[in-house]
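The residues making up each chain are set out below.
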Amino acid sequence: MSNEKMTILIDGVAVEATEGQTILQAAADAGIYIPRLCNHKDLLPGGHCRICTVKINGRPGSSCTFPVADGLVIENDTDELNAMRRAIVEMLFVEGNHYCPSCEASGNCELQALGYRLGMINPEYPYQEPKNEIDATHDDVYIDRDRCVLCGRCARASVQLDGKRVFGFDGRGLGTRIAVNSPDGLGGTNLSVDDRAATICPTGCLRVKGQGPDIPVGQRAYDSTPIGSDIERKQTVKQAT
Amino acid sequence: MAKPKVATGHFTGCFGCHMSLLDIDERIIDLVELVEFDKSPINDIKRFSGPVDIGIVEGGVSNDENVEFLKQFRENCRILIAMGACALNGGVPSMRNTVPLKECLEEAFLNGPTVHGGVIPNDPDIPNLLDRVYPVHEVVKVDYALPGCPPSADTLWAALTALLSGEEPGLPYELVKYD
Amino acid sequence: MAVSTSNQKRKVVINPVTRVEGHGKVTIQLDENGHVERTRFHIIEFRGFERFVQGRMYWEAPIIVQRLCGICPVSHHLAASKAMDVVAGVDQVSPTAEKMRRLMHYGQTYQSHALHFFHLASPDLLFGFDAPVEKRNVLAVLAEYPDVARKAVLMRQYGQEVIKATSGKKIHGTGSLPGGVNKNLGAAERDTLQARVDTMIEWAVEGLELCKTITKADLDKLVKFGSFESNFMSIVAEDGCMDLYDGKLRVIDADGEKIFDQVAPADYLDYIEEEVRPWSYMKFPFIKSLGKEKGWYRVGPLARVNACDYIDTPIAEKERQEFMALGGGRPVHATMAYHWARMIETVHAAEKMKELLADPDLQGTELRRKGERRNRGVAWIEAPRGTLFHHYEVDEQDKITLANLIVSTTNNNEAMNEAVRVIADQYLDGKEITEGLLNHIEVGIRAYDPCLSCATHALGQMRLQVRLTDARGHLIDEKLRG
Amino acid sequence: MAVEQQRDIISQVAEEFGRSPARLLDVARGVHARLGHLSEESIGFIAEALGLERVRVRDTISFYHFFARQPRGRSTVYLCNAVVERMKGADAVAKAFEEATGVKMGETTPDNAISLAYTACIGLSDQAPSALVNGIPLTNLTPADVPMIVETLRKGEDVSSLPQAKVKKNLLKRGDIVFGAMDPGAAIRKALALSPVELINEMSVSRLRGRGGAGFPTSMKWSFCRTAKGEAHYVVCNADEGEPGTFKDRVILTECPDLLFEGMTVAGYAIGAKKGFLYLRAEYEYMLARLETVLARRRDAGLLGTNILGKGFDFDIRIQVGGGAYVCGEESALIESLEGKRGAPRDRPPFPVQKGYRNQPTSVNNVETLCCAARIVEKGGAWFSAFGYEDSKGTKALSISGDCERPGVYEVEYGMTLQDMLDMVGARNVQAIQFGGPSGQCIAPDGFGRRLDFDDLATGGSVIIFGEDRDLLEYMRQFTEFFTEESCGWCAPCRVGTTLLLKGLEKILEGSGTKSDLEALKKLGATVKAMSRCGLGQTAANPILTTMENFPGLYEARLSKDEFIPSFDLAKALEEGCAVTGRNPDLEEKHA
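Protein sequence lines, in the order shown, are assigned to chains G, D, Y and B.
Each residue of the first sequence is one higher than the one before, starting from 4 at the first, in the working numbering.
Each residue of the second sequence is one higher than the one before, starting from -11 at the first, in the working numbering.
Each residue of the third sequence is one higher than the one before, starting from 13 at the first, in the working numbering.
Each residue of the fourth sequence is one higher than the one before, starting from 2 at the first, in the working numbering.
No lab work stands behind these hints, which were simulated from the structure alone.
Take the hints with a grain of salt, since some may be wrong.
Stated by the list, open to error - Which chain D residues stay away from chain B? Per the calculated CB distances, all over 10 Å, these: (1) 66; (2) 101; (3) 117.
Said to hold, decoys possible - EDC-like, lysine to aspartate or glutamate: derived pairs with alpha carbons at most 20 Å apart: (4) 212(G) to 197(G); (5) 356(B) to 22(G); (6) 573(B) to 119(D); (7) 530(B) to 82(G); (8) 516(B) to 131(D); (9) 44(G) to 550(B); (10) 573(B) to 131(D); (11) 411(Y) to 91(D); (12) -9(D) to 155(D); (13) 366(Y) to 214(Y); (14) 300(Y) to 265(Y); (15) 504(B) to 41(D); (16) 129(D) to 317(B); (17) 300(Y) to 269(Y); (18) 212(G) to 410(Y); (19) 170(B) to 256(B); (20) 129(D) to 511(B); (21) 523(B) to 127(G); (22) 167(G) to 49(B); (23) 342(B) to 217(G); (24) 176(Y) to 217(G); (25) 530(B) to 511(B); (26) 366(Y) to 329(Y); (27) 212(G) to 407(Y); (28) 523(B) to 83(G); (29) 573(B) to 136(G); (30) 176(Y) to 156(Y); (31) 212(G) to 187(G); (32) 134(G) to 155(D); (33) 275(B) to 317(B); (34) 562(B) to 155(D).
All figures in this text were calculated on a predicted structure; none of them were measured in a lab.
We put the CB at the ideal spot given by N, CA and C, even for glycine.
Let the sequences and hints guide you as you build the complete structure.
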């Protein structure tokens, strides 16, 4: 891969990018946050959530998968896109059973944090209320599919970071579920609590057992700073004037 | 000019939102200057005295009496605010929505380890239960929603004072929480 | 409003009962001559917690079940934590964890009692049981007794600040976990709280004095009002000392004799059963050995002050002795004595907070312990409204398979029904029913500070209706009060 | 069946496909055919036989409609419930099946003789209602036909001898390009005389554009693919026409398979591929044997295989049968499926011409495009470009069905107006034309002057005509429902959004929608369109959005005047509780 430098324009700001980067990566390097959920810096992109959709030369596309090319004109932080991103967050909320008040991941949950950042007060859509049972067959890790957003991070991490294939999908459409590599549940797989897959979940779906809400309210990741603040703190470019 | 009237109501929830409203602490003295309270569980006014300006309701909708009272709120309140997770989306009580109602009743009244001679309550003097706990906005039109379990006192205060001064309540990051 | 006095059976309904925390309703069946035939205090909400926590992970219980109640969430939060300590195999949490939890709990007792006495009950006491409706609320207290009301607001605020400092939030925090807590008390947090704790003791004493003054001014009436004799239940320390956070179970009879004592949580099934009646979503607990007719009891401040041998803080202990003198060697049975006992506990809670805040263990760093997993955990706590039982069973995979919750207000169910019956007999029988008279019923219920949210594992409000029924009990007319 | 026996069977099937993980779909089909369903146990044995993780096998198998995970009856009736089928009486036929078998759709008879199930469009809308029974198509069904069909199945007899087991060709207009006379080998001979670059130039001269609907210039696609670096190049023919109302490939595959294979071979020569795949939709499996025969004949004739026509060019074709998934018509999903995976589309870029099958440069072309390509090589690009209209050259095979006298396949020149098209098929009093299937657009009579043209009305060829008496929005609801069932589930806006679109539309159709509900539905549609990952999601809102645009009155007529109507229904919400307590819901008294 060459290190050819190029320039892309994000919301009117010229951003330097390197060949081989995705739009999302180039933006992050420049301190511009593009909202995302299924993406994780250590994983290849999955393209599941579509929250990182931006307009690329006027057409919508997922910034986590789209490679930079010199002169690309990107729209990111627009009312239209943010409203649509919020709509996706709302869809994910009504698709599962996300009881934030009693969820141990609350405050550290990326789905919830996106809701906060994108201004969701309450989902407008009807709740689907799927019936799921917790898979607690593993000694150290459990899956609560009520909280799954099908981001596929666990599945990708298992293959790409752990060299295993503990997770996959089952079914299709609204009936899609995260599946495990055993007929006997997670406990039948070779997942280890030390695997990256075990702790890479953005919500409270895949959790290490026995933790509970172990970080006090007020000190949790998104209690006082919005998701993406870490990226924005690195900002190297001035916002458009 | 007459003070705006405020009513509060409570459905299937834990009363925590009302408690959070009381957590405005000394500001309640300011609030009394600003508004007149109508029907509310914190006073003894059990029926609307007439149209009120702002109605604030806590809790989801889980029985026929909730439905009836909620409709009264909608009819009598110019602005209706849904307060807290239960009102907004059913909250923790809506965890029963993925379990058959029958099993919930049987567990509580027939199978519990301390139950002696169980029977599922069925007297006409107690309300009929709904199949699930519904968010308030699925039953009546809601004008504003304040998330949180409960919304913090600051959240409630910010929203109320904004509305009372005729502004759209816009809440800063710290005041919007779902838990 | 007046009810017609024609020769019909009439049913009086108070729905909602207001200024209590939760959804309840009272029905009073009158015969043709206006005599009270039957009274019932119904709990009209149902939430189903026992069932829907099944299948959840056991460490979630403290954050799920506290949503039973927004007034005393800390009680459920801690009772569940204590039960799950057992499940997690932790018999003794670290000193820091225990003291953080105790501080949280006394903060709650303090705020809840202040809330109840000043915000909910004081209008009746200050303005009279049949004062006009517009007076019967805390805002009227605020207008006429601004100093009392302001202090009440700040007392409650203090309790809530203590809860926030220990659990992260004023309502529904996350401080306690199976095996311990998730934070200690920072020095800055401690300093802020310590600065005001003496004032809080002082104001609690003032509140107690106010309560005593009002009570003594009309002692005869208040002692008789809605009164009846009963057994009392409370947990007490091993030496019989009042302990709101932990201890063993004691039940005394109407004469103060112990029916049983020092019962451990794990054995509760041998002692308690619950009856279900089809007209209420709240069950009726009773002492197994005495049977459901005689085995019912009262819990809460009155029961605790009656049942304990002493209180380990000086002001509260002195006050306890004065209070117990009312009973002349027997327990105090007056319904309205709940308020007095509640204010003694308020003082006690404040004294306890002062003691704890001075303890360096609160700044300790051992927050959480681990142990060998067990499959059953039972724990109790003295919630502001009385003894609260949490019983869980948990499978090998850490999922909850059973939850049984007997909450404080449920323990008082029969007592509240009894109070309604007695008051109806005392004030309504054969009389023309007025709004003010009906409030007497509510005054009686309110003395028990029923947390109907807990009780039904639901929450809401009560309204007041008068229903006229014909001789066969068919509804002819129904009117809302207010 | 004994576990060991099961394992042996699975092992045998795996062996037939060289135990190649890439052939998972074929192995699954083989096992399904032998065992009747794919149990959790079978999944384990397949995983073992192919050296795959079990979760990987489950991932694939659970995706496809035609793989049963639970035991089924000895015979399965897949009754098509696509829109045209229902317009033509499929509901009554379903009822007849339920009556004749005594079980509901979706169930199996207690004697395990027959399972009843619905399936989406099976490419027989011109002879609807239709069904696939044990893979054999039955057409023009009426309720009266059903008892005999059920009787035949009960007896365990073959349905192919039944009078309903007849697929009419219905080729009602032959053009010169696709359906013209054919001399096998003519195009290949000409092609091999040209260099690949010259061949692609000829495509360029012809101005051929892809017939799947997107209209990408074929010469460009081939050129990109040819020049893309890779270890191998591949030709893939997309014969997964799943768009409801489409059946022109059915006719091409029966009428002129030689032309198609010739086109694939030519394409292979042009892009430098040695291998081609025909991805045949599972619904067309009944054509497989005949297509294999044609391939064998072509191999014998030296038109396929090594050293074709002695010119040193090697190229062969394998037919891959799908498993039942509309989304596999999307080229990248099709490639995933071809690799033995679930048919989830890929993000683009990279495009298949850069990284396609096994991450190698791959040209995926429509059946009809490849036929055109063969014809262009045979007759010249200039000859081809003489047909058509402006930037849309050549002809288009249309599948026309619905309310008209002569449903069938018509090969017409680009530029034909919709009105001329209606006249051609004998359609009068037309309310609307669903042009391009549900993912296309719903056109009102004021648009009937528009032309078949890539730049205005691009289409894969599905044309459904709705007469004036039809409840148009009900059919839009059915289209929307189709998308909820066919969404692959990979991306959130489509997975959840399609269901929310359906619920939103249903609320309006029930008469409880308000103006704000309509606005919300429109916004939701725009979100699903803009944010979805692939063409399925990007077009799933089209039935709703294009009818909102072109038939606004239909919506307004359904709206309630109220400002707010709850979705909540008290009487319904009380049913469950009252059933438990035996109480009366007592609604009247409560509201008195």
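Tested hints:
Distance to chain B confirms residue 66(D) as a non-interface residue, since its nearest Cβ pair spans about 14 Å, more than 10 Å. A cut-off of 10 Å between C-beta atoms confirms that residue 101(D) is not in contact with chain B; the least separation is 21 Å. At roughly 4 Å, the least C-beta separation between residue 117(D) and chain B is not larger than 10 Å, which violates its mark as non-interface. For the proposed pair residue 212(G) and residue 197(G), the alpha carbon gap of about 12 Å is at most 20 Å, so the pair holds.
Simply put, residue 356(B) and residue 22(G) have alpha-carbon atoms about 18 Å apart, close enough for the 20 Å limit, and the pair holds. Distance check on the hinted pair: residue 573(B) and residue 119(D) sit about 8 Å apart at the alpha-carbon level, within 20 Å; holds. Of the supplied pair hints, the one linking residue 530(B) and residue 82(G) holds, its CA atoms being roughly 17 Å apart against a limit of 20 Å. Our distance criterion of 20 Å between C-alpha atoms is met by residue 516(B) and residue 131(D), whose separation comes to about 16 Å.
Straight-line distance between C-alpha atoms of residue 44(G) and residue 550(B) comes to about 42 Å, which puts the hinted pair past the 20 Å bound. For the proposed pair residue 573(B) and residue 131(D), the alpha carbon gap of about 26 Å is over 20 Å, so the pair is violated. The straight-line distance between the Cα atoms of residue 411(Y) and residue 91(D) is roughly 18 Å, inside the 20 Å bound, and the hint therefore holds. In summary, the hint linking residue -9(D) to residue 155(D) is supported, as the alpha carbons are separated by about 17 Å, within the 20 Å threshold.
Only pairs whose Cα atoms come within 20 Å are accepted, and residue 366(Y) paired with residue 214(Y) is accepted, the gap being roughly 12 Å. Only pairs whose Cα atoms come within 20 Å are accepted, and residue 300(Y) paired with residue 265(Y) is accepted, the gap being roughly 14 Å. Using a Cα cut-off of 20 Å, the hinted pair residue 504(B) and residue 41(D) is violated, with the two alpha carbons roughly 34 Å apart. As the CA atoms of residue 129(D) and residue 317(B) are separated by approximately 65 Å, the hinted pair breaks the 20 Å bound.
Straight-line distance between C-alpha atoms of residue 300(Y) and residue 269(Y) comes to about 17 Å, which keeps the hinted pair within the 20 Å bound. Taken as a hint, the residue 212(G) and residue 410(Y) pair is honoured in the structure, with Cα atoms around 8 Å apart against an allowance of 20 Å. For the proposed pair residue 170(B) and residue 256(B), the alpha carbon gap of about 8 Å is at most 20 Å, so the pair holds. About 19 Å separates the Cα atoms of residue 129(D) and residue 511(B), which keeps this hinted pair within 20 Å; it holds.
Between residue 523(B) and residue 127(G), the direct Cα distance comes to roughly 14 Å. Compliance with the 20 Å bound is thereby established for this hinted pair. In summary, the hint linking residue 167(G) to residue 49(B) is supported, as the alpha carbons are separated by about 16 Å, within the 20 Å threshold. Restraint check for residue 342(B) and residue 217(G): not satisfied, since their Cα atoms lie roughly 40 Å apart, outside the 20 Å limit. For the hint pairing residue 176(Y) with residue 217(G), the CA-to-CA distance comes to about 16 Å; that is within 20 Å, so the pair holds.
As the CA atoms of residue 530(B) and residue 511(B) are separated by approximately 25 Å, the hinted pair breaks the 20 Å bound. In summary, the hint linking residue 366(Y) to residue 329(Y) is supported, as the alpha carbons are separated by about 16 Å, within the 20 Å threshold. Of the supplied pair hints, the one linking residue 212(G) and residue 407(Y) holds, its CA atoms being roughly 14 Å apart against a limit of 20 Å. The suggested pairing of residue 523(B) with residue 83(G) holds, with an alpha-carbon distance near 14 Å, which does not exceed 20 Å.
Restraint check: the Cα-Cα separation between residue 573(B) and residue 136(G) comes to about 26 Å, which exceeds 20 Å; the hinted pair is violated. Of the supplied pair hints, the one linking residue 176(Y) and residue 156(Y) is violated, its CA atoms being roughly 31 Å apart against a limit of 20 Å. Under the criterion of a C-alpha separation no larger than 20 Å, the hint pairing residue 212(G) with residue 187(G) is consistent with the structure, at around 18 Å. In summary, the hint linking residue 134(G) to residue 155(D) is not supported, as the alpha carbons are separated by about 41 Å, beyond the 20 Å threshold.
For the given pair, residue 275(B) sits about 6 Å from residue 317(B) by alpha-carbon distance, which is consistent with the 20 Å threshold. Proposed proximity of residue 562(B) and residue 155(D) is contradicted: the alpha carbons are some 28 Å apart, above 20 Å.
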